[in-house]
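Take the sequence shown: its letter number 4 is residue 16 in the numbering used here, and every next letter is one higher.
None of these hints come from the bench; they were simulated from the model.
There could be a bad hint or two in this list.
Pairwise CB distance ranges, derived in the manner of DEER restraints [said to hold, decoys possible]:
| no. | residue 1 | residue 2 | range |
| --- | --- | --- | --- |
| 1 | L106 | F34 | 12 to 22 Å |
| 2 | I92 | A36 | 35 to 45 Å |
| 3 | A111 | A131 | 31 to 41 Å |
| 4 | W129 | T104 | 30 to 40 Å |
SDA-like mimics (lysine to any residue), calculated; alpha carbons at most 20 Å apart, straight line [what the hints assert, rightly or not]:
| no. | residue 1 | residue 2 |
| --- | --- | --- |
| 5 | K42 | V103 |
| 6 | K42 | E52 |
| 7 | K42 | I92 |
| 8 | K42 | A131 |
What you are looking at is a predicted structure, and each value in this text was computed from that prediction instead of being measured.
Positions of the beta carbon are idealized from the N, C-alpha and C atoms, including for glycine.
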Amino acid sequence: MDRFFFIAGSISAFLGVALGAFAAHGLRIKLSAEMFNIFEVGVRYHMYHALALLAVAWASSRWPGTSITAAGWLFLVGTIIFSGSLYLLSVTGLRWLGAITPIGGLAFLIGWILLAWGAWQGH
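My request is simple: use the sequences and hints to build the entire structure.
Here it is, written out as structure tokens:
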């Protein structure tokens, strides 16, 4: 799993940088300040959790276990739901997408707790 999460984190970071550049150079003039800010929040948390996936890769090689693996999956799912909903909200204006964003945030929170728990257990 360590290789999978390292690759996933690397690809996720690539996408975060690409989406950030796209926003800065392509969306800034097309979106309102509020919607641009929403997109930027999505990119910020996307990048945080791309780095978290790299940490999961390292942790899973050091302390393999279900908690570490679950944390990685939660970071992936959280990125898709949290950042994805913010990306879509900002470019479509569909406010109902904001209602699913907290689900991704909850996935992030649980992922961080499981990462800490997995390290604490440290097989």
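Going through the earlier hints one by one, which of them does the structure break, listed in rising order?
The structure conflicts with hints 2, 7, 8, although it agrees with all the remaining ones.
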